[in-house]
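**Student:** In case you want the letters, here they are:
Protein chains: 4
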Amino acid sequence: MAGRLAGKRVLVTQADDYMGPPTLEIFRAEGAEVIADRSDLTAPEAAQNAVDEAGPIDVLVANLAAYNQAGRKLDTVDDATFAEMFEVMVYPLHRLVRAVAPQMTERQAGKIVVYGSASPLRGIPFLAAYSSARGAQVGYVRSMGTELAPHNIQINLIAQNWVESDTYFPPAVREHPKFIARMQAQVPAGRLAKPEEDVALAVFLASDESDYFVGQCIPFSGGWVQ
Amino acid sequence: MAGRLAGKRVLVTQADDYMGPPTLEIFRAEGAEVIADRSDLTAPEAAQNAVDEAGPIDVLVANLAAYNQAGRKLDTVDDATFAEMFEVMVYPLHRLVRAVAPQMTERQAGKIVVYGSASPLRGIPFLAAYSSARGAQVGYVRSMGTELAPHNIQINLIAQNWVESDTYFPPAVREHPKFIARMQAQVPAGRLAKPEEDVALAVFLASDESDYFVGQCIPFSGGWVQ
Amino acid sequence: MAGRLAGKRVLVTQADDYMGPPTLEIFRAEGAEVIADRSDLTAPEAAQNAVDEAGPIDVLVANLAAYNQAGRKLDTVDDATFAEMFEVMVYPLHRLVRAVAPQMTERQAGKIVVYGSASPLRGIPFLAAYSSARGAQVGYVRSMGTELAPHNIQINLIAQNWVESDTYFPPAVREHPKFIARMQAQVPAGRLAKPEEDVALAVFLASDESDYFVGQCIPFSGGWVQ
Amino acid sequence: MAGRLAGKRVLVTQADDYMGPPTLEIFRAEGAEVIADRSDLTAPEAAQNAVDEAGPIDVLVANLAAYNQAGRKLDTVDDATFAEMFEVMVYPLHRLVRAVAPQMTERQAGKIVVYGSASPLRGIPFLAAYSSARGAQVGYVRSMGTELAPHNIQINLIAQNWVESDTYFPPAVREHPKFIARMQAQVPAGRLAKPEEDVALAVFLASDESDYFVGQCIPFSGGWVQ
Chain A
1029 MAGRLAGKRV LVTQADDYMG PPTLEIFRAE GAEVIADRSD LTAPEAAQNA
1079 VDEAGPIDVL VANLAAYNQA GRKLDTVDDA TFAEMFEVMV YPLHRLVRAV
1129 APQMTERQAG KIVVYGSASP LRGIPFLAAY SSARGAQVGY VRSMGTELAP
1179 HNIQINLIAQ NWVESDTYFP PAVREHPKFI ARMQAQVPAG RLAKPEEDVA
1229 LAVFLASDES DYFVGQCIPF SGGWVQ
Chain B
1029 MAGRLAGKRV LVTQADDYMG PPTLEIFRAE GAEVIADRSD LTAPEAAQNA
1079 VDEAGPIDVL VANLAAYNQA GRKLDTVDDA TFAEMFEVMV YPLHRLVRAV
1129 APQMTERQAG KIVVYGSASP LRGIPFLAAY SSARGAQVGY VRSMGTELAP
1179 HNIQINLIAQ NWVESDTYFP PAVREHPKFI ARMQAQVPAG RLAKPEEDVA
1229 LAVFLASDES DYFVGQCIPF SGGWVQ
Chain C
1029 MAGRLAGKRV LVTQADDYMG PPTLEIFRAE GAEVIADRSD LTAPEAAQNA
1079 VDEAGPIDVL VANLAAYNQA GRKLDTVDDA TFAEMFEVMV YPLHRLVRAV
1129 APQMTERQAG KIVVYGSASP LRGIPFLAAY SSARGAQVGY VRSMGTELAP
1179 HNIQINLIAQ NWVESDTYFP PAVREHPKFI ARMQAQVPAG RLAKPEEDVA
1229 LAVFLASDES DYFVGQCIPF SGGWVQ
Chain D
1029 MAGRLAGKRV LVTQADDYMG PPTLEIFRAE GAEVIADRSD LTAPEAAQNA
1079 VDEAGPIDVL VANLAAYNQA GRKLDTVDDA TFAEMFEVMV YPLHRLVRAV
1129 APQMTERQAG KIVVYGSASP LRGIPFLAAY SSARGAQVGY VRSMGTELAP
1179 HNIQINLIAQ NWVESDTYFP PAVREHPKFI ARMQAQVPAG RLAKPEEDVA
1229 LAVFLASDES DYFVGQCIPF SGGWVQ
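Line by line, the protein sequences give chains A, B, C and D.
All residue numbers for the first sequence refer to the working numbering, where the first residue is 1029 and numbers rise by one.
All residue numbers for the second sequence refer to the working numbering, where the first residue is 1029 and numbers rise by one.
All residue numbers for the third sequence refer to the working numbering, where the first residue is 1029 and numbers rise by one.
All residue numbers for the fourth sequence refer to the working numbering, where the first residue is 1029 and numbers rise by one.
A hint or two may mislead.
Same chains, same names: a pair is fine if it fits in one copy or spans any two.
Here are the computed lysine to aspartate or glutamate pairs in the EDC-like style, where the Cα-Cα straight-line distance is at most 20 Å [what the hints assert, rightly or not]:
(1) 1101 with 1134
(2) 1036 with 1081
(3) 1222 with 1237
(4) 1222 with 1080
(5) 1222 with 1239
(6) 1036 with 1194
(7) 1206 with 1106
(8) 1101 with 1068
(9) 1206 with 1068
(10) 1101 with 1053
(11) 1222 with 1236
(12) 1206 with 1086
(13) 1101 with 1192
(14) 1036 with 1134
(15) 1101 with 1203
(16) 1222 with 1134
(17) 1036 with 1106
(18) 1222 with 1044
(19) 1101 with 1061
(20) 1206 with 1224
(21) 1222 with 1194
(22) 1222 with 1203
No wet-lab data here; the hints were simulated from the structure.
Just so it is clear, the structure is predicted and the values come from calculations on it, not from any experiment.
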């Protein structure tokens, strides 16, 4: 089987974190040649270096994740904690897009898939710094989607929540009866998503099937946001 | 190749209209066994009959389209014209879902894909009857998505606009310079969608890849709605 | 005190139901001359008659409420029950707007405030018929808002939920510990809204303060929808 | 006349910029005691100092505006330009809220009104840095709204666009025929908003009339976003 991403060169950032490992596995199974970047993207030149080293890439998967800030009350979120969210998840997004857009513009083709969050679409208490940075990604993708569309470059965002991931829902949390009860009360699907279900949406957004998606933030949350 | 819908029995309504023909072709190419219903679903028993005749079905594609009402000013939309939109696009949706839900509930598995419209998400003048009926579909899908999710039945809606279709944008319209200029001013993608691009989203929503989508209305409009 | 609606003639429909009584009281206290219509608007000519009898009106408050359908499972919603939602809440909305638009267009000024629901914005199970009809109002208001704006007529909708009303949350319900617990888990405000808080938004949308609001559906739900 | 903000002490930031001047004038006319802060809020301690100097305040109006970044193509937005948007519009928002929340929590009452933007809700090309920072405000307000609601503190955001302001639409721009044509094609209201119309929404959100609004981002854009 050729696979839905056959012939695509794909750069995946923070390859060991968050959605990185399942993305690598599934994108490769779909025929993509995946370049896994593991550099610390908070360094100002890191994004440009990652793109330069990758060479020609058809798809950028912007996988940017800070440690979860859930449970941080307003008065405990100092300036450094707040700014870190943006330094990890927002500034590198801009640098990555800026680095990769010229080659995609030259080829008049490209896809950028952002693993984002549903949290800026529906308020969660004690999560303001994180939700704010994820909201910055939403505003960025909508604007940049409109800007890049005429060059046949599509940037879209997966607004996810409730995905089984050790970064955000470690086993000890997700097996806790109180967590399960709260999740079932809030998530119409009644369960966490398996990482491969999330990556299936990323495959769709990375493939030629989604050329008419422009700057969209697609909820992926079991109906928590519709 | 097995195809992404291999082994699925799919019922497609209004098979000769709107998204019917490309859906039949592409779903079959993806391995589905497609039952094409061509009955007039405004008759009260028609939906139940269509489902009964189809037998066991894994996927219902609710393809319900009235003639476009674009260009109808408020004062020209009489009661019959207004009600017709609901009799064609809304009441049959409920009857189809009600007819198909029992067998899906029994199997604890099923997909319902609704070809809807982006018009209730962003106002278009001179289209109130149509937008209102399409908005009814949105409200229906969100509620029913939540209700059916615990039975592992997913109902989702494609909120489309600017899809090349002879029903809504006949060739004479879509080749008209004024239409092209207006479309390019409004649609970030700068072009109409090809029907097969729209069906690609329907394939995604009909397949096992989208089990975590619950009651969603996904814009498909080249960035016109994001 | 002159009041924020001084000199406005306001037609309020279904004046004894739902948001009718508090609207009459508060709009009058704000200086409006309120015409209370109590006719059954499901009769085809009733809307036109109500408008004709009211004479010149600056503001139409479309207060249209069916008995709540909460708790109705899909298989119990027969065709008549489903259609009734539209005959009570949707068809009369169109007839009222069609009846009142000519005089407002002639004066190049007017306001239409629709008491709608947040339910089509966020799925509630066992409420599909109701949510669907309320969703039809949303699609109608967005389209018609855009159509009427050039005539300086503003139509907007209050997408409400969790408002203390005997129609939807009778005392026996709202004092029940299980209801209170469920409400507090779901509503960030942690309480039901008092009817007068809801009417305060209607006053804003009926007054000259909201001339730049066009076809909007404003959530009013204590943060349940944001 | 007592005014709708009688007895309220209100802190308005960046009082000479953006929505500052009309807010001062109209809030005072509505009976508020307005404290106008003119300090540079990019300094880390400035927000806390402004709140400390203001003393007890019932309402915070977070008026934070960077020079408009419209017309900046992706490749011209360097890291410093990008970060500046956040340093001016996002980090100070968090610092202001953190500084003012303790006294509001103690009184179990307070309002925070954010003059934000509709740009993160609908993509505008060549505006990614600005839209991203405004999107950060949206994510922040939704989360923080939910967090503060139990203390009877309401934070909401005005998602505005097309408001007549010298900061964003200087006279030379707004009188230009090409601008007028583009605006009329995009804005259903067919005109810019007068600043006082925008402030009328801020009055509503600052007053006791809006106690049931929690973390909302209300479009104010003449129907450009609905």
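**Student:** Compare the structure with each hint and give your call.
**Tutor:** Results of checking the hints against the structure:
1. For a Cα distance limit of 20 Å, the shortest separation of residue 1101 from residue 1134 across copies, 16 Å, qualifies, whereas the shortest one inside one copy, 46 Å, does not.
2. In this homomeric assembly, residue 1036 and residue 1081 come within 20 Å of each other (Cα to Cα) only inside a single copy, at 16 Å, whereas the closest approach across copies is 44 Å.
3. For the identical chains of this complex, residue 1222 and residue 1237 are inter-copy neighbours only, at 11 Å across copies versus 22 Å inside a copy, given an alpha-carbon limit of 20 Å.
4. In this assembly of identical chains, the alpha carbons of residue 1222 and residue 1080 never lie at most 20 Å apart, being 33 Å within a copy and 34 Å across copies at closest.
5. For the identical chains of this complex, residue 1222 and residue 1239 are inter-copy neighbours only, at 10 Å across copies versus 26 Å inside a copy, given an alpha-carbon limit of 20 Å.
6. With identical chains, the CA atoms of residue 1036 and residue 1194 are never at most 20 Å apart, being 28 Å at best within one copy and 34 Å at best between copies.
7. Taking the shortest Cα distances, residue 1206 and residue 1106 never come within 20 Å of each other, neither inside one copy (29 Å) nor across copies (39 Å).
8. With identical chains, the CA atoms of residue 1101 and residue 1068 are never at most 20 Å apart, being 28 Å at best within one copy and 26 Å at best between copies.
9. Proximity of residue 1206 and residue 1068 under a CA criterion of 20 Å is satisfied in neither setting, with 35 Å inside one chain copy and 45 Å between copies.
10. When the C-alpha separation of residue 1101 and residue 1053 is checked against a cutoff of 20 Å, the pair qualifies neither within a copy, at 37 Å, nor between copies, at 35 Å.
11. Taking the closest pair of Cα atoms, residue 1222 and residue 1236 come within 20 Å of each other only across two copies (12 Å); inside a single copy the shortest separation is 24 Å, beyond that limit.
12. Taking the shortest Cα distances, residue 1206 and residue 1086 never come within 20 Å of each other, neither inside one copy (43 Å) nor across copies (35 Å).
13. In this assembly of identical chains, the alpha carbons of residue 1101 and residue 1192 never lie at most 20 Å apart, being 24 Å within a copy and 31 Å across copies at closest.
14. For the homomeric pair residue 1036 and residue 1134, the shortest alpha-carbon distance inside one copy (16 Å) is at most 20 Å, but the shortest distance between copies (41 Å) is not.
15. Taking identical chains as interchangeable, the C-alpha atoms of residue 1101 and residue 1203 are never at most 20 Å apart, the minima being 24 Å within one chain and 31 Å between chains.
16. Taking the closest pair of Cα atoms, residue 1222 and residue 1134 never come within 20 Å of each other, the shortest separation being 37 Å inside a single copy and 24 Å across copies.
17. Taking the shortest Cα distances, residue 1036 and residue 1106 never come within 20 Å of each other, neither inside one copy (42 Å) nor across copies (29 Å).
18. Only within a single protomer do residue 1222 and residue 1044 lie at most 20 Å apart by alpha-carbon distance; the minimum there is 17 Å, versus 38 Å between protomers.
19. Taking CA atoms no more than 20 Å apart as the test, residue 1101 paired with residue 1061 passes in neither setting, with 43 Å inside one copy and 30 Å between copies.
20. In this assembly of identical chains, the alpha carbons of residue 1206 and residue 1224 never lie at most 20 Å apart, being 25 Å within a copy and 37 Å across copies at closest.
21. Within a single copy, residue 1222 and residue 1194 get their C-alpha atoms as close as 11 Å, which meets the 20 Å cut-off; across copies the closest is 40 Å, which misses it.
22. For the homomeric pair residue 1222 and residue 1203, the shortest alpha-carbon distance inside one copy (14 Å) is at most 20 Å, but the shortest distance between copies (40 Å) is not.
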